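Guided by the hints, dock chain S onto chain Z, whose structure is given.
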Amino acid sequence: DTAVSQTPKYLVTQMGNDKSIKCEQNLGHDTMYWYKQDSKKFLKIMFSYNNKELIINETVPNRFSPKSPDKAHLNLHINSLELGDSAVYFCASSQLTSGDTQYFGPGTRLTVL
Amino acid sequence: DQQVKQNSPSLSVQEGRISILNCDYTNSMFDYFLWYKKYPAEGPTFLISISSIKDKNEDGRFTVFLNKSAKHLSLHIVPSQPGDSAVYFCAAHSQGGSEKLVFGKGTKLTVNP
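Chains as they are written, first to last, in the numbering used here: chain Z, 1 to 113; chain S, 1001 to 1113.
What the hints contain is simulated information worked out from the structure, not anything from laboratory work. The hints are all genuine.
Listed next, the in silico SDA-like pairs over lysine to any residue satisfying Cα-Cα at most 20 Å (straight line):
hint	chain 1	residue 1	chain 2	residue 2
1	Z	Lys-22	S	Ala-1041
2	Z	Lys-40	S	Lys-1005
3	S	Lys-1056	Z	Asp-100
On a predicted model such as this, the values are computed, not experimentally measured, just so you know.
The shape of chain Z in the complex, shown without the other chains (with noise of 0.2 Å):
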């Protein structure tokens, strides 16, 4: 049973589209995050949702639309995509807001051509 799942795996697009990568995990947890990992292979996190409410936002742009539709689930909706946003975007979970252990979804690849 996979724990965190996330879809698609992999995402081509063109500039100036709008996309989405859904997440969800089975693991019970109350936190759920999106990170990015970028072409410097740094992890940064974008943002975090406890019990569907945001608890993190890291100054990210506001084409990046969060969305909680229960606890098990965590949607990255992208609008306008730019050439920038072509990075491995990663989702995890967690039972805890902090010192807790973060379980990561296999990443989804997105390349903006």
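Relative to the frame of chain Z, chain S by itself:
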């Protein structure tokens, strides 16, 4: 501003020998540290963690050492196995709040048979 630094981008060791991966941090508010392992095209997986009230934590072949005064931690893998070949990320966290997990850039470990 890199708060968590892994200064060695890569490390190569022989099977059966010890692998030592190093990590330095600058933020004295960090008091919980984790190591993640990442295979290509997969998400990071949790390996081992240590709280600042300890200076050592051991789990099978993996041991993490923490030197708070030097703001330094290390991961020891002994004996190293070819299946340990992966990218290892050091991460740091402030407990007690909703602070994010801050990752280092990773060290690629290659264990040669």
